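Make the full structure from the sequences, and use the hints.
Number of protein chains: 4
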Amino acid sequence: MANGQAKERLPEEKVFKDPVHKYIYVQDYLIWNLINTREFQRLRRIRQLGTSYLTFHGAEHSRFSHSLGVYEITRKIISQFERSGYSGWPIEEKLVALCAALLHDIGHGPFSHSIEDVFDTHHEAWTCRLLLGDTEINRVLRAFDSSYPERIASVICKTYHEPIVVSLVASQMDADRMDYLLRDAYFTGVNYGTFDLERILRVLRPHQGRIVVKESGMHAVEDYLMSRYQMYWQVYFHPVTRSSEIILRQIFRRAKELYAGGHAFGWMMAPLEKLFSGTIDIEDYLALDEALVQTAFSAWTNESDPVLSDLCQRFLNRKLYKYITMDQPDEKLWHEIREQFRVIGLHPEYHLEIDFPYDMPYHVYRPGTAEQAEKEEKPPILLLSGDDRLSEISGRSDIVRSITGIHQGKYHLYYPEEPLLESAHLLSAKIRELFALM
Amino acid sequence: MANGQAKERLPEEKVFKDPVHKYIYVQDYLIWNLINTREFQRLRRIRQLGTSYLTFHGAEHSRFSHSLGVYEITRKIISQFERSGYSGWPIEEKLVALCAALLHDIGHGPFSHSIEDVFDTHHEAWTCRLLLGDTEINRVLRAFDSSYPERIASVICKTYHEPIVVSLVASQMDADRMDYLLRDAYFTGVNYGTFDLERILRVLRPHQGRIVVKESGMHAVEDYLMSRYQMYWQVYFHPVTRSSEIILRQIFRRAKELYAGGHAFGWMMAPLEKLFSGTIDIEDYLALDEALVQTAFSAWTNESDPVLSDLCQRFLNRKLYKYITMDQPDEKLWHEIREQFRVIGLHPEYHLEIDFPYDMPYHVYRPGTAEQAEKEEKPPILLLSGDDRLSEISGRSDIVRSITGIHQGKYHLYYPEEPLLESAHLLSAKIRELFALM
Amino acid sequence: MANGQAKERLPEEKVFKDPVHKYIYVQDYLIWNLINTREFQRLRRIRQLGTSYLTFHGAEHSRFSHSLGVYEITRKIISQFERSGYSGWPIEEKLVALCAALLHDIGHGPFSHSIEDVFDTHHEAWTCRLLLGDTEINRVLRAFDSSYPERIASVICKTYHEPIVVSLVASQMDADRMDYLLRDAYFTGVNYGTFDLERILRVLRPHQGRIVVKESGMHAVEDYLMSRYQMYWQVYFHPVTRSSEIILRQIFRRAKELYAGGHAFGWMMAPLEKLFSGTIDIEDYLALDEALVQTAFSAWTNESDPVLSDLCQRFLNRKLYKYITMDQPDEKLWHEIREQFRVIGLHPEYHLEIDFPYDMPYHVYRPGTAEQAEKEEKPPILLLSGDDRLSEISGRSDIVRSITGIHQGKYHLYYPEEPLLESAHLLSAKIRELFALM
Amino acid sequence: MANGQAKERLPEEKVFKDPVHKYIYVQDYLIWNLINTREFQRLRRIRQLGTSYLTFHGAEHSRFSHSLGVYEITRKIISQFERSGYSGWPIEEKLVALCAALLHDIGHGPFSHSIEDVFDTHHEAWTCRLLLGDTEINRVLRAFDSSYPERIASVICKTYHEPIVVSLVASQMDADRMDYLLRDAYFTGVNYGTFDLERILRVLRPHQGRIVVKESGMHAVEDYLMSRYQMYWQVYFHPVTRSSEIILRQIFRRAKELYAGGHAFGWMMAPLEKLFSGTIDIEDYLALDEALVQTAFSAWTNESDPVLSDLCQRFLNRKLYKYITMDQPDEKLWHEIREQFRVIGLHPEYHLEIDFPYDMPYHVYRPGTAEQAEKEEKPPILLLSGDDRLSEISGRSDIVRSITGIHQGKYHLYYPEEPLLESAHLLSAKIRELFALM
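Protein chains in written order, with numbering that gives the first Met the number 0: chain A, 0 to 437; chain B, 0 to 437; chain C, 0 to 437; chain D, 0 to 437.
If you are wondering where the hints come from, they were derived from the structure by calculation, not from laboratory data.
Don't take every hint at face value.
Note that the list lumps identical chains together, so a pair holds whenever it fits in one copy or between two copies.
[Said to hold, decoys possible] No farther apart than 16 Å at their CA atoms in a straight line, the calculated lysine to aspartate or glutamate pairs in the EDC-like style are these:
#1 273 - 283
#2 13 - 280
#3 157 - 326
#4 21 - 197
#5 21 - 195
#6 13 - 197
Just so you know, these numbers come straight off a predicted model, no measurement behind them.
So this is what it looks like as structure tokens:
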């Protein structure tokens, strides 16, 4: 495709039917071509919410849907900036912003958080590798403008020379968050995660390299942040989802350990092997989708290692770990629990995990000081008064302040229930009481 | 679990958050235990709408969600029958009906229609095998009542001695259809597939072994049938979905053919091999989910057979066949097209397919005569007048009659576009014109 | 306000929160000023659906809301025509079209259909009088452009020189109908009246002085017409609403008759008196809103005329006439019923009314021939094929044909139930049977 | 109707289509008969949100709709208590509770808050008068059970011997508030006022004479209270609505003053005259609906008193007072403003009003201590822990605490803008600056 042709708009707008935004509108060849790359299509095989579908059965939507949604919200914001003729928006950056919005998640692997934990990979790094490496996406971008791969990668890395473009894709009220809150609410079916997107869009303003909020929009932002708060506690931090993530991580840890120990797997595939050995390249990474991971787990239910096969069947058949809620245990109690687990033949390193919701990649809302904001990834939400002064929202809103840094999570201790029930008589009275095995 | 205990109701109702019905209520141990079997959990790995997600990106929902929804609608219908004290409903059949509703789809494999076509399997037969064979579901049912596996299987096979139970799960207005129309509309995002479920439930009546509709509910039924009509033409018969199904079927046909010819696959797994050889048993069938199928396709993009590898990458990367719309071609034209395809190195048996929407497992609405109704699987919709007379709805409603047996579909000819574009100069003028290659 | 200033756009877009369209956007001073006139504000005191609120308690919305909605849909259609750069749309007509959309209903009086029936007024004629007479609306329009009052009146009268502007406001798929179907569905709460507005807007095209529909939009139009069909039978033709309209009309007839006979009303107000005497002028017409009509009815419950006071308390306290459903009665039966009514002291001219839904200002859909279409007010819906040929939709769609000219209504005989129950013993056996008084 | 018959259930459930709850179900003759009384039907002529329709044009719904909604939510709560067999619910109180829910608002007059302010009436007192006086409602209740009028009146007065019945109808989470939040959000179109009613209903428990909330429902309550918070600030406290209420109150004050001074009104009706003279009885009160009030205002636009006629046309034509936002003015400034208003011929007592949102009958949420709760009308929300301990929610939730007693309102000074613009040159520089008249 010739550069000239690619730059033109599509002769007729294309639309995708979308349950969250009704329709997603594509007007540029570039966007259309990016959607049709194999790397972007691969996002169909990676769920947006990881293991949450085991808690909320509707949450089976993919990162493909979400990526289109982030693109659409970004398109709407820019379109409103252009229509209103706001001076703070650099109109020549439109396509860069749209591409960054569309592609910001292409580096995600299957069940990203667990894999990143165990194998120390990072999806943003992979996004940049896919943008800059030998991929269809890279070719489509270069055919349009040879500077595009680097420019879009630098938006993702937050080093782009136009900070407002970064702000669109990565801030406390970016298109990414707005789409996932609405989308996750829609697919899980919880209606307390919705907020009035049109109302929010109307109060956003480009201002000195940032997206800020018109002062009169404070209640709209409060509504958005409360939706976020509700989604975090009702959906993202749900203890059953945490249980499934723990099992997932244990599977990866066990398989990696077995691999390192030279275990002869009854079933293996190259992308996994290279992941375990730390030699994974782009082709293998692209092959590593949730279908492959689930197929591996299914095959490994027949592995000779009992820990691995047990964990795999637990994940597939949703026989998750149970949990008890507790205050932070002291070293002594923690030691005793582990000892007692060993007494009945369990491996504490796989069969026991203590969890506190804050070890997670989500924050309800953290404003930070000005300096912290510099270092922090996500800039805070600023209100713009009539006389052009900016103020951080949590300094203005009691409600926002009330959810800032809330620590209402409790410690949860996760474990397989069946062996404890079966061997309750071998456990100490204290442990039996703690686990309600009377 | 002791039988006695199982028969009891759950001490506290369990709920599943569901986007379509808001909540799904489980009140019985039996239902709860069935949901927790591995065979039922496996439905999470089988999409409700097969390849439709390639056309409507939101359509990623599973048969697991749908099965819970069918259960919930059945529960609501029965609950209303009981509350109103209608004499036509055999109250002792409640749990049998709920089990049948919940389990009616457990025999579905991945992308069922394509697999059934190519390998001559049948999902209803598999449902019965799973009910009656050595499965967790069978054990849960037997623990509750030893007659349950057979009773539920006979509901599924439509031979049950209480025809009204069959009617609940399999008729023109059964809980199955009602859930899938609402659910598919919700997840695709098309709002013309919705109808007023509460209004429909209010006009259903048990009557002489059938579920019929109170006469005053005629407009409600028209509304429901129009939703169905819209869903069929806008979603189920969508030509892009048809294209992806054709590719899927060609993959299975090609792989089966290669296997029969002794091809040494670079990658294979036991459940597939047994499917190809016609020796698949319950364990393998259960392992055969969409994750495994997609993993196979991903591996086969590297197969030495160019037809198979091309088809697999087309499916995964959504490089689907294009189509042209035409009247039914005569034998001569059909022959010429095939010849010309061979000229440019294509295999007509894999690269060409003519399709008419009616070769499909859906019918908008077909009333049938009384005798036909006996033979037909799905009994028609009957209106019950004040003086207890029954009349088939299409005899009463012009609108229903207008959509009965509508044949507005055209023939579509599907083919890969790239080779035709590249070799257009080798094709006859007639063929170039037909495929718009000028 | 100076002309120059008025022509400018508002410095900042104004919005109205609207439950149907989410937001209504006003961008022009002219529109803003028209909304703020007393004639337009008066529409707040006239219900959109007349007496339907006595059947559907949510239907309390006013013509004010609806008029804003028609404006908003018109704005969206034009905005899409402009964005797509369609040649068939005369861009200089935008404001004329928006004004006509906003103002098309300003001539409506309280419970229009009944008043028009009894007093032989016509709301379209009043709309033109208000546009052209001594009103705030006239002044606002003239201040903007002296030709505007006439131009907008001629759009309303369907004589405007640009027929496409008329088509926007008055055709089978005009902005008026689209808004009222969605709005009436929303406020009554029936969800079968909804259709996908965004989908419809996407398939409209300006074409040779008409708004036509892209051929591929046929199913979208079917969906819209089915919504209309459902709304007519479920809402607009509802027999309880018909009953309340009959009572309303009888009140007006009786009051007019009493006035003509020189009856000394215990309570009267000038606008009513002038309505009765046929001398009503603009000022009085503007004062004639639903508040005044209801206040009159309330006062007249104390009138000395028993017929009038009975009818008024029936209307206010919703003691409506009952109805029986029947085939068209012959002259003889009709005579007998009237005689029998007299026997028990009822006045057939006030206490008896036969009704067939087609004596109403609604038609589900009537295509008409080309010539009829000329004469008919509302042009039919035309599909535009790829090769620019037009075809009327009922010639293409079985479904549309099935609802064209459907006559499924039955005759209803309305009467006050209480006197018949009390004096049943005085009636003939035949009449007792007919009215189920056994 | 004989008592025995009245006690029976309706042979077939009646339903009302309701946009908020989908359907409202009536199962008892008693409820059906109450709905059909003239006193209940009168609620159709009284808007639920007073003058809010002048700000949100969709807010035209009546107290009739709301009263049915409160009944329906109460029915659902009781139905769930009964199904779950909770011991804390006195099942014999069901009908009393349903009647109280249905009838709790029958004493409301037109634009209640303004009328109560000026004429010192009280709608709860009127509710009891209508229950106990010579009314259709009283007759229907007595026909059913002679103790019902008193019992229901004592629920409304919060003196009923079963406090849990009072709690259903009047507490921080009663059926009244739940319906109006959902209904007002629906009709205004603001979607931030919605919460998940089904989720709330599932966590309510009868407990020692109170309705409390299961501990795990804390987030659901937070969501409900946040909806309330948003509705108060976005809808109920909206400054434009406040402006229309101020004008309304001034009209009543002026008319009362004129009446007291012996002014000869050009137009008057008995119910208003008796309201002014403090001699209003039941019949007149029932005739006093919003139609009559609006008709009076319309007639008074022609009154000789310029203050009254100006205020009336302002209200009808929505020429409301403008406002400026300010900190609490000191006595000196306040005095100066009033003096300056007099300079240009305005009457400060009618043309100037300072307003602080807290002079209003709404509170976002105020928990109160146990003693205060006794005295306060609305008991606080209590969480019930697993071990049966109760705790007030604002002691548990940071979010609830953050909205408790929030004082973010500012003072607003309302005034007619036109005279100030016209006579700006006569005003002091300070006043010109304050009112931005430079």
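How the hints compare with the structure:
{"no.": "1", "hint": "273 - 283", "verdict": "within (8 Å within a copy, 28 Å between copies)"}
{"no.": "2", "hint": "13 - 280", "verdict": "neither (34 Å within a copy, 46 Å between copies)"}
{"no.": "3", "hint": "157 - 326", "verdict": "neither (38 Å within a copy, 42 Å between copies)"}
{"no.": "4", "hint": "21 - 197", "verdict": "both (13 Å within a copy, 8 Å between copies)"}
{"no.": "5", "hint": "21 - 195", "verdict": "both (14 Å within a copy, 10 Å between copies)"}
{"no.": "6", "hint": "13 - 197", "verdict": "between (22 Å within a copy, 14 Å between copies)"}
The structure does not agree with the numbered hints 2 and 3 stated previously, though it agrees with the rest.
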